[in-house]
Each structure stands twice: as C-alpha cells, then as structure tokens.
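From first to last, the protein sequence lines are chains Y, P, R and G.
In terms of the UniProt record's numbering, the first sequence is numbered consecutively and its last residue is 352.
In terms of the UniProt record's numbering, the second sequence is numbered consecutively and its last residue is 352.
In terms of the UniProt record's numbering, the third sequence is numbered consecutively and its last residue is 352.
In terms of the UniProt record's numbering, the fourth sequence is numbered consecutively and its last residue is 352.
Keep in mind the hints are simulated off the structure, nothing from the lab.
Be aware that a few hints might be false.
To be verified - Listed next, the in silico EDC-like pairs over lysine to aspartate or glutamate satisfying Cα-Cα at most 20 Å (straight line):
hint : chain 1 : residue 1 : chain 2 : residue 2
1    : R       : K206      : G       : D236
2    : G       : K65       : Y       : E9
3    : Y       : K19       : G       : D236
4    : Y       : K16       : Y       : D6
5    : P       : K267      : P       : E299
Claimed, not checked - Quick list of the computed label-pair ranges, beta carbon to beta carbon:
hint : chain 1 : residue 1 : chain 2 : residue 2 : range
6    : P       : G127      : R       : A220      : 54 to 64 Å
7    : Y       : G326      : P       : E57       : 27 to 37 Å
8    : P       : E57       : R       : R47       : 53 to 63 Å
9    : G       : G127      : R       : D204      : 31 to 41 Å
10   : P       : A5        : R       : A220      : 53 to 63 Å
11   : Y       : P266      : R       : T7        : 51 to 61 Å
12   : R       : G207      : G       : G209      : 13 to 23 Å
13   : Y       : S153      : G       : A272      : 38 to 48 Å
14   : P       : A272      : Y       : E227      : 40 to 50 Å
15   : G       : G209      : P       : E50       : 49 to 59 Å
16   : G       : G268      : R       : D204      : 17 to 27 Å
17   : Y       : E227      : G       : H205      : 39 to 49 Å
To be verified - Sample of chain G residues facing chain Y (criterion: CB under 7 Å; computed from the structure):
hint : residue
18   : P37
19   : S173
20   : T277
21   : V292
22   : S295
The C-beta atom is built at its ideal place from N, Cα and C for all residues, glycine as well.
There are 4 protein chains.
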Amino acid sequence: MAPTADTPERRAFYDKIDKRNLMALWLSLADLVTPEPRSACRPASWRFDEIRAYMLEAGSLITAKEAERRVLVLENPGLRGQSKITTDLYAGVQLVMPGEVAPAHRHTQSALRFILEGEGAYTAVIGERTIMHEGDFIITPPWAWHDHGNPGSKPVFWLDGLDIPVIQMLDASFAEHLDVDEQPITRPVGDSDARYGHNLLPVDHKGGGGTSPVFNYRYARTREQLERLRRAAAWDPCHGLKMRYTNPITGNHAMATMATFIQLLPKGFSTAAYRSTDATVFVPIEGKGRSVISSRTGEDIVVDWSRRDIFVVPSWHRVRHEAIGGDAVIFSYSDRPIQEALHLFREDRGNA
Amino acid sequence: MAPTADTPERRAFYDKIDKRNLMALWLSLADLVTPEPRSACRPASWRFDEIRAYMLEAGSLITAKEAERRVLVLENPGLRGQSKITTDLYAGVQLVMPGEVAPAHRHTQSALRFILEGEGAYTAVIGERTIMHEGDFIITPPWAWHDHGNPGSKPVFWLDGLDIPVIQMLDASFAEHLDVDEQPITRPVGDSDARYGHNLLPVDHKGGGGTSPVFNYRYARTREQLERLRRAAAWDPCHGLKMRYTNPITGNHAMATMATFIQLLPKGFSTAAYRSTDATVFVPIEGKGRSVISSRTGEDIVVDWSRRDIFVVPSWHRVRHEAIGGDAVIFSYSDRPIQEALHLFREDRGNA
Amino acid sequence: MAPTADTPERRAFYDKIDKRNLMALWLSLADLVTPEPRSACRPASWRFDEIRAYMLEAGSLITAKEAERRVLVLENPGLRGQSKITTDLYAGVQLVMPGEVAPAHRHTQSALRFILEGEGAYTAVIGERTIMHEGDFIITPPWAWHDHGNPGSKPVFWLDGLDIPVIQMLDASFAEHLDVDEQPITRPVGDSDARYGHNLLPVDHKGGGGTSPVFNYRYARTREQLERLRRAAAWDPCHGLKMRYTNPITGNHAMATMATFIQLLPKGFSTAAYRSTDATVFVPIEGKGRSVISSRTGEDIVVDWSRRDIFVVPSWHRVRHEAIGGDAVIFSYSDRPIQEALHLFREDRGNA
Amino acid sequence: MAPTADTPERRAFYDKIDKRNLMALWLSLADLVTPEPRSACRPASWRFDEIRAYMLEAGSLITAKEAERRVLVLENPGLRGQSKITTDLYAGVQLVMPGEVAPAHRHTQSALRFILEGEGAYTAVIGERTIMHEGDFIITPPWAWHDHGNPGSKPVFWLDGLDIPVIQMLDASFAEHLDVDEQPITRPVGDSDARYGHNLLPVDHKGGGGTSPVFNYRYARTREQLERLRRAAAWDPCHGLKMRYTNPITGNHAMATMATFIQLLPKGFSTAAYRSTDATVFVPIEGKGRSVISSRTGEDIVVDWSRRDIFVVPSWHRVRHEAIGGDAVIFSYSDRPIQEALHLFREDRGNA
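Please model the entire structure based on the sequences and the hints provided.
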C-alpha cells in the first residue's frame, strides 16, 4: 500500500478532526492491518546463572513479604517498560528464601509456575498444598487463593508465566489480599491429582472450566512419559517429541490463556524450521543446545542454552533447535489457547 | 388411565385396520408410555464359581477358534432368548485357554473387557497389544480390529460387556473378519497409555471421538487412586467412593454407549438407597458383600456376593450395598452415556 | 461364519446352562453381530386417503377424551404388535375433531407433529399455544406439558412421530397427567419464535438442551426458503434440495432423538440411489412421485405416492425418489441424532 | 499494597538489572494486577452530524480508492494515537460516495458494519453481495475477501467495528489485496440467508467456525422481532429488551471476537445501573435519549444522544440509559466473546 499524498489541505483537516478525537484511517491503516505479524517483540534470551545471581542479591535487598512477590520480570528488549516478554504474556523468575512465605492473594490473572531450582517449597491453591520439585509445572487458576512457602534450607527458584497483558488489554483485572499470610489447608496433599489426574472422575463431577483441576503436573511422571514415547519413536521433524499439557476434563489446554508444552530432543536431534503465530517462551530443563531464530529481516539470532535458561521466539519467526552433547528437554508456553479460541492460530512447517 | 371400553363395533374396526398395518393407539398407550420405567428386566445374579465350572466344561466341548468367541451369555431371566442382561446391554463371560487365540474381527458394537481371573493373556487393538491383569478394564472401540490370545499356562476369564442390543435396535450392525487370526502389531505395548494416559497429548492431536484412546485402564493404578481418595474421605452416602472412567480427550465417559465405574466400599460401609434410570451390571473384584434390590412391587431381592460374581440392577430399582468383612471394590457398567446424550438420565437419592 | 456343529454333548450342555440363565454365544453370535444391518423392518407405505377414512370412522367410535389421543399407529409389517414403524421409532396419525380437546399430559418421550390436513387447531406447550397449519412441523419436548385442541369446524389430522421404542429400550419412561384438560396459558402466541427463531437470543440466555426452543417450524417460512435455495441451485444428486431442521441454540438437530428434514424435488427430478443406517419415514406434503426401495435381497419395492401419504425406508436399504408431474416437497424423520451421538451413522451415496 | 521503600542500594540494583532486560516486579505489581479494572479508557461520545460533516469534507479531499478505506477513526480520548475506542476494539465511520468502490482485500481482523445512513450500497463477501439498509448489521469474517460499492446516488455511511487491537496484541495480522477492485460474484443475493438464516441447514452441513455464516442481519427483521417481544413484555431492568445476535450453527455470538446486541428502550424507560467488564460501544439507531456513565472516581458523565450518535462505556463503569420522547433502539458491540472464552467476563447488576 502506497502512503497517501500529504497536502496542506489534508494536514489542516487532520488537525481539525484531531480535536474531536477523530483520525484519518488512511494514515495508519498500513500499520494496523499488516501483511504479516509485525510487532516490536524481539528474539531474546536470559541466562539462569545471571538471573540467579541477581535474585540472590535481591534476596538481600528486600523480603518476600515486603515485595509481596520477589520476582525479576523478564522484559522483551523490544517492549521495554511494559512488563512483557511477548506482546501479550509476562515472564518472571521468583525466589523464595528458606523460611519465607509469599502471602496469600488472588487475582483474575492466570499463573503458571515452572520450577527451576530447589526442592521442597510448596504452593497452596484452594485449600491444598503441593510440593515443588524441579521441572514440575504448577497452575494457579484465576481467582484462586494462593500462597507460596519454603520450609526448606535452600532457596527455591521458579519461572512465573502470567497472562497479565491479556487481562490489561481486556481491562478485566480484579485482585484481593487475604488477611492472613497462609490460607487454611482443607485438603490433603495430592488430592487434586487423586481425583482428576488418572482418567477417573468423581461419578457426579459436572462440567469443566477453563483451567485444569490437576494443578501440579509432576516432572517425574512427565519425564517418564517422554521416555516411553521415545521407544515408540513418535518424532516430529519440527518438534522432536512434543506434548501439550491438557485439562483432563476437556482435552483442551491446561489453562484458558496459556498453552504449556514439554518436548524431548534426543542427543544430536536438529529440528526443521518452524514458525507459528504464538510467540513462545522456552525453558530448557535438561541438556544443552542451540536455537537459531530467523528474524523477519533475514538475520539469524543464535541462542546457546543450557538448563534453566530462558529464551523467547516472537510470532511468525522461524526457529530451529538442536540438542548438543546429550538429550535435552524443553518446557515452553505461549498464548496458543487464545489464538485457537479466536480462530487466529497459524503455523508454517516449511523452510525459510 | 382407564382402559377403553370394548364393544363389538370397536372390535370389528380393530380387525379391519389390522389388515392395513394399523392399530388403535388407545389399546396400547398405557403400555407404551408408562408413569415409571416398567420393562421386563429383573434383578438377577450369577456366581462366578458356577460360571467358571461351566466354562471349563465348554472349554472341552468347543475350541475358541470354532466358537470364534468362547463365551457364555448372561441372560436376564426377564428377557430370555434375547441375549441381554438389561434391556439394552449384553454381558458374557469369555474364556481363553492356554495357547488359544480368539481370531481377529471387527464390528460396530463397542466392547468392554473386565478381567476376572488369570494373568498374561493379551488383547490386540489397532496394532497394539495390551497385557491383561485381574481388574483391568480394557476397551475394544467400535470398528477396531481385535483379537485375543493366551500365551500363558492357565485359563483366563473375563467379563464382556457390549452394546449389542443398542446396535440391534438402531439396525446399525456391521462386521468383518480378518483373513488371519492375529492382526499385525505396529505399535509397542503401552503406546496408547504413553500418548494419551497422563494429561499430555501429542502437540498436534486433533479432536476426539466417542471412545477413549486409552484402551487399558490398569487396575493397579485405579486401585491406588481409590486408596489415595480414601485418605481424602470423599465418601458419598449412596456410592461410597465411586469414580467413572473417562476419555481424557473429552472428559466424557470412556465409551460412547457404556459408562464404566469403579467404587470402593470400606469394611462395614452400608450405602443409602439409590435408584437411577440406567440399569447397571455390577462385578465385585475385591471383598464380599450384600446388595439389596427393591423391586417395584416392594419385595427385596438380596444378593450375597463375593469377588467376580455378577449381578444386575434394573432401571429405577432401588439398591443398597454393604461391604462385609473387609473392603470391597466393585466395577460396574450401564448405558448412562446414551441416557445422558439423549437427556433422559434420572436418578433418585431418596429412600424408599 | 459357519454354524458350529451340533452334538449330543453340546446339546446337553446347552440345556444344563439354560437353567442358570446362561446361553452359548456361539449359537447366536452370527445373528447378533451381522455383517450388515439385518433387522425385520420392511419397506412399507400407507395412503392418506385410506387412513383418513379409517380415522373418521374411529372418530365416531371413540372420543378424543376417552382415547386420550385418538391415533392410529402405523405398524411396520415386519414388526407387527410392537407399535413401531422402524426398529426404534413410532408413527401414528392423530385426529382431533371440531370442538375436541386431547387433554394435557407429559412424558419423557419426545414427539413431533407434522400437520397433514386442516387449519386452526392448536397445540399448547409449556404455557404457549401455537396454531397449526398444513406442513407445519411442531415439537413437543420431553417432559413438557402438552394438550391439543380444535376450536375450528373441520377435522384436523397430523402425523405423530415419537421415540417410544427408544425410551422403552432405555427403560426410561415417565409420564403424568394434569388434573385439567388444558394447561394454563402464560405466554402469547409466537413468543418462542420471537425469542429464539431469528438468530437473536435474549442477552442472558444460557446453555441449550437437547430440544429446540422453537417449537413450531411454520411451513410457509420453510417453503419460502426452499424456493430461495432453488434459485441458488443447491441440488444434491441423492437428495434434491434437502435441509435439516435445527436447534438454533446448538446448530444440532431440532430434537435429541429424531432428525427432521424437508426436501424439494423439482418436477422430473430423479435422485441417485442412497442408503444410510437411519431408517426414515417420509411424508410428501406437495406433489406426486415414485420412490423405489431396493431390498437387501435385490427386489425393488415401488411406492407411488401423493401428498400426505406415508412410507418408510429401513436401514441400509437403497432408495431413489422421483417427482412426477410437478414439484414435490417431502418431510421426513429418522433416528439420525442418536446414531450420530453414538458415532454409528453411516451412509452410502453409491449405486446398487 | 504499600509501595516498597526506595533506597540507594535498591536504585543501584534496578539500574544494573535494567541493562539485562530485567525489572523488579515489586515496582510495578500494583499497576499490573489491580483490585479492579483501571485502564486509561474513558467514557466518550461523538455526534453523527459532526462526523458526517467531516466525512463529506474528507470525501472531497481523498477518494475511497486512494484511501483504500475512507474512514475516520473514533479514538478514545484516554487512548489517543492508538486507533482504539476501547482498550481492545476499534471503531470508525466509513463513507462510500456514489459511484465509488472500496477495493477488495482480506485480513485476519474481523469486521462488523452497522449501516447508519443511506440505502443501496453493497458489500461483497466470499462471492456474495448483500445490499445495505439502515440498521443492518453486516459481518466481514476474518480472511474473507470483501469490497464495498455504492451504485446509488447518495453517500452511504456506516460504522466499522473491528478487533484490530486484539490482533495487534496477539501479533497475528495477515492481509492481502486482490488484483481487481471487485471480487467475482458467484452466489445470488440472499444465498447465505436462505441457507443458514432460518433454522434449517443443508442436510450435510458440517461443523461451525467462529463466525456466523449469516452475514447480513437485516434491520427490518430484527426490528420486527423487538416489536413481537415487546408484546411478550420481556423487559429486563438493566437492559430493557436486549437481544444478542447469534451464530445459528453454534448458538454463540455471531463473531468470535465481538459481541453484537440490539436493544429496545420504550418511551420513558429508564434502566437500572449496570456494569460489566466488556467495554461497550453504543449506537442508537432510533429515538433520543440520555445515558449516564459513572466514572470510577464517582462523577457522572452525561451523554445526550439521538440516532446515529456513538458513545462508549469503558469496562466496569456503571451506566444507566433513558429513552426520551419515544421508543429508542440501540445497537452495541463489545469484546464479550473473548472475555467469555477466557472465563473473564463479570457483570454487576447492583446499584452504585
């Protein structure tokens, strides 16, 4: 689309209507309706070692209680100042020191926790505590009371993924604090898993919301499944062996706004180029590797990663992954459920 | 509704129209549209010991291959000659002797297998074998090739539940034989479980049919869940601790035409009276107990059962169960998915 | 499948187990699980003129009130004594004489009314009356109070289609009588249509059951749509121009157990052979024609029909229709929603 | 939440991590996760007379062809420079002069057109033209070719509602131009309405996407429904008589990203205060009235409107409407389908 010509008459008109909260579409149409995705979101990566050091420093600067949540936000370099890692998702790394509690609150934002380092902390959700282990994927459903605690002797770190920018855009944020730090515990550890996690449901269970009632997808079990599927050789050229976490009540994604995935890349496996409209945050939890992200202008951004590092691939950027030196396992999340619900998801398995 | 008066003119009219395939509704309306369910289906029970003895006798009279399936059909005493245990479901007990194969065929009827005695036989479904253990619930989806074999040294017995009368009524039976006894095996043991059984789905999995892709719900795992839920004390006065098997792709029942349930009655637990429109076949797999079924005319039928026995409670008959001497675990199946799909299911948790 | 050999030992065994409500499956398997649908249901037809004469005779033999419903049941000649027109559906023709009322009752059976002759009678459903016109398709949802009245001066005839045999098989019949003949009217004529019939829904309308809230699909409007589609030339070789009535809340069939269709065959149009697993009852409401039904044994049954006649095509029988002399419009109904819900529907558009 | 204390050490830390695209969450948490919706979106209104005059002036400054679309964007005064009327929706007024064509293109953004003034222009969607009349609600589905033309003798004005900001945030914009101004017409006028608009569907129609196949909801018909419902007195204290446009294949909203509503406020009717999380754009098409919007800080913004004016009520702002002098009919749209799909919609029918 060629830009429209600029003339003094037109400029005067633009000025005049501007005062009435009006604007000529033909000046912005090309930026609003683009031939391909074209946001400011950029490929980026963070090394866990670095984040870890900063967080321990933060640990000495502020308590979990004063901070409410002691988190460093990972801001996309193309979207600074907006607390976003992609155009519509948030990522942060949270630290809970031994003996600390992150006090109970609830909000309409959905949260996922992917445990990076440390064992034995817990999160409590709707009256049930779950114990955190490295690689566990834990859900905080929207409007669910939640608090985190670390009764152990070592710091615990995890990745927080939230849909904060989505709720901002929908202007639908609600939040409340509980008057005590820790919510009352009314159900035994593992209750949700026992009720909902094994292809059995209470006989009179009705319906299913947007969020899975299974709120801890334990890594030990997930890892075992990957190993079993490896024997079935269910490899995909673009993904290796990639599974999505599901809500067993609906078969849909585990959360209404964020898709979560786990994938195994065996030693030496190199994926074919792939792009999709759901910008994705990747977090390797085993192994080392390299990912090459092709920007729209054609240059390649190379990310050399090892476990616990975090990197982001923006919408419609081609990416190739390679496991180096041993098997790699990568957790990832994106806004795919929203794109699917709104019939907007596209992917492209071809090459550059 | 009072019966209409009988007159010679009316009788002559009935005779006349009968020749044209016409019938006066007022003569049969009261039998067709009844105030409450009123089929000929009756409470009934079978002792496994007795069935087992007959089956071994059958084992010497006919081979699995000649019989195609060596099965004794459990016929409801109120519905003799129709191969039905309830108005719309079939039950049989199948025996496969050591070294035998029940040859591959497929049909539009859905089948469930609940393993009663013996270990190590297998069923093959769509290129994958699964090994049978006591208490396992195994699915043969409609139109799926399936064959059964017993490479072990002891006879294996299981309960077959099928929707044969439903398919008869819908006049939708299709069946085929494979030209070899055993279908080709193309997937490793446990593949379905690895792909679909653990709240993970292949990233590009689409849709979900009427039947669960998990085709063996292993008893060891199910039993463990019951034990964990016992600790959560999720007791229901009418059911004890009762779970339904689900299709993880949809959250619905594991099969399109038959619901399957497992329930734990702890030692001494006595359920409150319950009735529902889905006539149900019960198969205790652990423990001993007594069930009291109240017929519509008010008399009580008492069934004293131990493991592997089979009994049936017709539609809208109140039933109470009691575990005697120890914990009891009962598998059951009914046509509830059909009743739910057609918006016909009713239940009544009150007392007589 | 070859029948199993008969031996004295086997016969003795069969007799012995028969006493314990057991039966050898290998004796009946071939009849239960057939290579193709094989019920006793037969092609059949009824001329309206004949039914009409019988019904007027019935009108002088019994009142609507004594009969509760003055209906002649159309019994399939292969299924006599069962009040069925197909294996699982019922058809009858109902007459309400001027001044009569068919008193209010309700039942779990679903009913459709297709108005054959007469104008100005009404049916009342859940507090709303709708006026009957020829060709209207009217629904009585399950468990909805309903009564019919004819305040006009001429007899009114309609076809009743019900799922009585389905509810029998599921053993789920419930019924009640109201203590007055006519239920209280609480909503204006046309209220359901105004609320639900025009791609608008009340802003807070929730959910949608198995039955359409639109309970009169007026023929005038349906006929106009067929005429508009004729201009779009949306012809199907097997069906002419065939539409299914839908529930606007779900897009599914208008009723949970019965599909309803309307089709236009323009003058001279001859359809290609078609068969499906849903045995179908056809009722031409305009025009004349001929349908040829190929039985499984290969002979052709020819039905020459004119408006208001009724004929039935059993499951998996090929049928071809031809409109003779002018345009024909045919209403039809079948159990297709059940077959679809249970994943059993099959069709075959090929030739004999 | 109290702000955290600021110290030199902390400030130095913030500066240091800023260089690594990290940010301390405790500085922004209170702005990201708010107790209630708190966007910059403000109540605002535009008078059609004023817009109309500006548009005619624009008509002399630029052709539809040069502009591609001659539209004035209504920018929310709290969100200037972003081409948004709410946080996630776009609104503009489009003018097509006699003889002009807005050339064919397609994009993943969904568009609604609500016709404000003029008769006889058309929009073509996927090979079918529909004629525009005042009050018609017309849909351009995502990725559907569309062009608009005005063969008449008077200018035609309509409101464009699009989900542009949603697609921006999801970074999922795709667009293409056709190489000719007008797409080929392959279906007669009214074809979609005939196929999908009247509770009938083509017999083999499968599935249903996010957008209604009915693409013109004619005002004449909608208005008639409102009049019929008026007789049924289906008044809601907060809404008068309010209906949502639906997709007849799913019963859901007519579009995947935008809800559309029509409501009748009879003369003198004054609604009770209502607020919801879906910021809403209102366009009266008949009558005059006044709406009072209560801002969060407690002051009332009063909008006196007459037909074709446009006003916007932000998320969680209470609004009361009053029809003055005669009946009023108001069209409106919001992002409610997204909020519902993501389980975020809330409403509050209570008073301030």
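Now for the hints, and whether the structure bears them out:
1. Between K206/R and D236/G, the direct Cα distance comes to roughly 15 Å. Compliance with the 20 Å bound is thereby established for this hinted pair.
2. Of the supplied pair hints, the one linking K65/G and E9/Y holds, its CA atoms being roughly 18 Å apart against a limit of 20 Å.
3. Distance hint between K19/Y and D236/G is unfulfilled; the C-alpha atoms sit about 38 Å from each other, more than 20 Å.
4. Of the pairs offered as hints, the one joining K16/Y and D6/Y holds, with about 15 Å between alpha carbons and a cut-off of 20 Å not exceeded.
5. Note on K267/P and E299/P: the hinted pairing is violated, with a Cα-Cα distance of about 26 Å set against a maximum of 20 Å.
6. A beta carbon spacing of about 55 Å between G127/P and A220/R agrees with the range 54 to 64 Å that was offered as a hint.
7. Between G326/Y and E57/P the beta carbons are some 60 Å apart, a value that contradicts the proposed interval 27 to 37 Å.
8. Taking 53 to 63 Å as the suggested C-beta distance range, the pair E57/P and R47/R conforms, at roughly 57 Å.
9. Our hint of 31 to 41 Å for G127/G and D204/R holds, since their Cβ atoms are close to 36 Å apart.
10. Distance hint check for A5/P and A220/R: the Cβ-Cβ separation is about 42 Å, which falls outside the suggested range of 53 to 63 Å.
11. Range check, P266/Y to T7/R: about 60 Å between beta-carbon atoms, so the 51 to 61 Å window is met.
12. Restraint check, G207/R to G209/G: a C-beta distance of roughly 21 Å satisfies the suggested window 13 to 23 Å.
13. S153/Y and A272/G have their C-beta atoms about 58 Å apart, which leaves the hinted 38 to 48 Å range violated.
14. A272/P and E227/Y have their C-beta atoms about 46 Å apart, which keeps the hinted 40 to 50 Å range intact.
15. Hint check: G209/G to E50/P, Cβ distance near 58 Å, so the stated range 49 to 59 Å holds.
16. With their beta carbons about 23 Å apart, G268/G and D204/R fall inside the hinted range of 17 to 27 Å.
17. A hinted range of 39 to 49 Å for the beta carbons of E227/Y and H205/G is consistent with their spacing of about 45 Å.
18. Checking P37/G against chain Y by beta carbon gives a least distance of about 4 Å; that is within 7 Å, so the hint holds.
19. The beta carbon of S173/G comes within 5 Å of a beta carbon in chain Y, closer than 7 Å, and the hint placing it at the interface holds.
20. A distance limit of 7 Å between C-beta atoms decides the matter here; for T277/G the minimum to chain Y is near 4 Å, and the interface restraint holds.
21. Annotation: interface hint on V292/G violated; nearest CB of chain Y at approximately 20 Å, more than 7 Å.
22. At about 14 Å, the closest approach between the beta carbon of S295/G and any beta carbon in chain Y exceeds 7 Å, and the interface hint on this residue is violated.
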